[in-house]
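In order, the protein sequences belong to chains A and B. Quick note: the first sequence uses the working numbering, first residue 6, plus one each step. Quick note: the second sequence uses the working numbering, first residue 111, plus one each step.
Please keep in mind that the hints were generated in silico from the structure rather than gathered at the bench. Do not rely on the hints blindly, as some may be mistaken.
Unchecked claim - Here are a few chain A residues that sit away from chain B, every Cβ distance over 10 Å (derived from the structure):
#	residue
1	L51
2	V104
3	L137
4	A165
5	G168
6	F175
7	W203
8	A206
9	S323
As the list claims (entries may be wrong) - Looking from chain B toward chain A, a few residues come up when the C-beta cut is under 10 Å (computed):
#	residue
10	R122
11	I188
12	A189
13	T194
14	E216
15	N225
Unchecked claim - If you anchor each label on the Cβ, the simulated ranges turn out as follows:
#	chain 1	residue 1	chain 2	residue 2	range
16	B	S298	A	T196	34 to 42 Å
17	A	L137	B	N286	42 to 50 Å
18	B	G170	A	T196	44 to 52 Å
19	B	N316	A	P127	33 to 41 Å
20	B	R127	A	I126	27 to 35 Å
21	B	N248	A	T247	56 to 64 Å
22	A	I126	B	K219	34 to 42 Å
23	A	R223	B	P217	41 to 49 Å
24	A	V29	B	P217	41 to 49 Å
25	B	P250	A	H39	43 to 51 Å
26	A	A111	B	F223	19 to 27 Å
Just so you know, even glycine gets a beta-carbon here, dropped at the ideal spot from N, CA and C.
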Amino acid sequence: MENHSLVQRLIARPEFGPFVLLVVEIGVFWGFNHDFLSPQNISNTLAFTVELGLIALAMTLLMTSGEFDLSVGSLFGFSPVLMWTLFNGGVTSLEMGFVVALVVAALIGLVNGWFVTQLKIPSFLVTLGMLLVVRGSALFITDGFPQRTWSAEGSWLAEALVGDFFIGPFRIYMSLFWFIAAAIALGYVLTQSRTGNWIQAAGGNPNAARARGVNVNRVKIGLFVLSSLMASLAGVISSLRTSAANPNSGTGYELEVIAMVVIGGTALTGGRGTIIGTVLGILILRVMRNGIVLIGVPGLAYNIFIGAIILGMMALHSWLERRHQAGT
Amino acid sequence: MAEPLIRMQNIRKSYGRVQALEDANFHVNEREIVGLLGDNGAGKSTLIKVLSGAVPLTSGDIYIRGKKVTLRSTSDAIAHGIETIYQDSALVTQLSIARNLFLGREPIKPPRFLNRMDQEAMNNVARDLLKQVGISKNIPPTTPIGSLSGGERQAVAIARAMHFDSDLIILDEPTNNLGVAETQGVLSFVRSARDSGHSCIFIAHNIHHVFQVVDRIVVMRRGKVVADDIDPKTTTVTEVERIITGMSDKEIRDAVADGKPSH
Numbered sequence: 006m007e008n009h010s011l012v013q014r015l016i017a018r019p020e021f022g023p024f025v026l027l028v029v030e031i032g033v034f035w036g037f038n039h040d041f042l043s044p045q046n047i048s049n050t051l052a053f054t055v056e057l058g059l060i061a062l063a064m065t066l067l068m069t070s071g072e073f074d075l076s077v078g079s080l081f082g083f084s085p086v087l088m089w090t091l092f093n094g095g096v097t098s099l100e101m102g103f104v105v106a107l108v109v110a111a112l113i114g115l116v117n118g119w120f121v122t123q124l125k126i127p128s129f130l131v132t133l134g135m136l137l138v139v140r141g142s143a144l145f146i147t148d149g150f151p152q153r154t155w156s157a158e159g160s161w162l163a164e165a166l167v168g169d170f171f172i173g174p175f176r177i178y179m180s181l182f183w184f185i186a187a188a189i190a191l192g193y194v195l196t197q198s199r200t201g202n203w204i205q206a207a208g209g210n211p212n213a214a215r216a217r218g219v220n221v222n223r224v225k226i227g228l229f230v231l232s233s234l235m236a237s238l239a240g241v242i243s244s245l246r247t248s249a250a251n252p253n254s255g256t257g258y259e260l261e262v263i264a265m266v267v268i269g270g271t272a273l274t275g276g277r278g279t280i281i282g283t284v285l286g287i288l289i290l291r292v293m294r295n296g297i298v299l300i301g302v303p304g305l306a307y308n309i310f311i312g313a314i315i316l317g318m319m320a321l322h323s324w325l326e327r328r329h330q331a332g333t
Numbered sequence: 111m112a113e114p115l116i117r118m119q120n121i122r123k124s125y126g127r128v129q130a131l132e133d134a135n136f137h138v139n140e141r142e143i144v145g146l147l148g149d150n151g152a153g154k155s156t157l158i159k160v161l162s163g164a165v166p167l168t169s170g171d172i173y174i175r176g177k178k179v180t181l182r183s184t185s186d187a188i189a190h191g192i193e194t195i196y197q198d199s200a201l202v203t204q205l206s207i208a209r210n211l212f213l214g215r216e217p218i219k220p221p222r223f224l225n226r227m228d229q230e231a232m233n234n235v236a237r238d239l240l241k242q243v244g245i246s247k248n249i250p251p252t253t254p255i256g257s258l259s260g261g262e263r264q265a266v267a268i269a270r271a272m273h274f275d276s277d278l279i280i281l282d283e284p285t286n287n288l289g290v291a292e293t294q295g296v297l298s299f300v301r302s303a304r305d306s307g308h309s310c311i312f313i314a315h316n317i318h319h320v321f322q323v324v325d326r327i328v329v330m331r332r333g334k335v336v337a338d339d340i341d342p343k344t345t346t347v348t349e350v351e352r353i354i355t356g357m358s359d360k361e362i363r364d365a366v367a368d369g370k371p372s373h
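Bound conformation, chain A alone (with noise of 0.2 Å):
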């Protein structure tokens, strides 16, 4: 096994079938139409990346633990609603209001996580009825309405989180500091602290884990909360930036970012887990939803090739997990 060539081993990672996807789909894109990687194009396709990329790299941790959320997308709309509502009334100030939609997401997290762990209810159940309350929440609290957002000029929150700049042609976000800052936080995690560890025994082998005396039921809890909390902060920095807090915004995001996740390799039954191969799972899929646009196929056929997407990536990691069970 420690015989194998660098590129034997390259190949043989689970991020090496999505990093290929990737480079192929940009350069089909490319070769189709030159201003796919125009800096314009480039800018617009990463300031919406982010903002879910934020919600999948949370739900990537989640995943390998053996769990995951159906009421990010839910989260992703009230967040920024319960932000808006608040300043508009003049209840908080605009900051203090994005503190308690914070506060109000890992409350969530925690309920989630509770029913998870303490009644032993699937996730699927749990974050499914979550979803249902969370979006009814935001839809009963503004009749359906979207929120009055136009105020936020010059205030420091919206600066840090989602002001802009240009580097050269490409117009950045300080969003994207936020991401690569939680992808390189939670890959850290992941990969390198003791929590990582816990995280994929909990994922791999919970009675092992739990033999072992690590808390299996706080390490899922603590990452149901992170997962609220990471998509409030995204539905807050989207709001932000396009001036916009509609109660039904975020829905289906639940499902995309899942399969950003399993695209990248993370494995939906739990105890394998790759922020790397999220990050490309969020790329491969945002950059298809622009490139088909770019080339003209209808915007309403994206879900075909996001679907054959999935079962062609799934196809692929089973048949490379096989190989990699057999011994190789």
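Given chain A, work out where chain B should sit, using these hints.
Frame of chain A, contents of chain B only:
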């Protein structure tokens, strides 16, 4: 006579109206491999579950080196130096050998607030342990458990119990589903554990495997220990099989006494 490492006295365990253990008495001495035999439903696994903290006992006492202990959970038992290795549930297949060895007790590299595992130290210890337990093949400690054979997995689990100074290692069917060579490997891991000062309880359906490795055989039947001092060197497999399947107490005494040197 010196106080045994573990003494379980008048252990009763009932599940509703089913009496799984009825006044079972059992002990393990220091540096001893005890073979625990009995038919299905004889109470072996219940006795082991009580001792490993997995199920609470209904009544009875457990002593470790003469001191009475209460084992409320598996972590309680581990804290008291009792490590149970179940064949399939001991290890996380996705994690490497080294990460499994240190799961829950990972060494941290300073500065501590970074919570960073000292993977180099983990790998070094793992490499030594694999050698110590007798794995001759050169397996890197970063290998995931999933690509190891059943016998190698047992070796890793045993090595872990040895490293964390468990006084008693309980092996539940460690040779199940293993090939001949692998079984011999596991048996030699068990011997090396004893030779480095650990006691073991060895449970296996295959009596021949038990005979090859244990110092003393204990037989259970219908929730009771019916023979607890069978010397595998002087008793035959057939005799033990007769005890397992059921004979009168007198017949058992005769059978055991027959082959046993007086002491």
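* Looking at the structure, which of the earlier hints fail to hold? -> 7, 8, 10, 23
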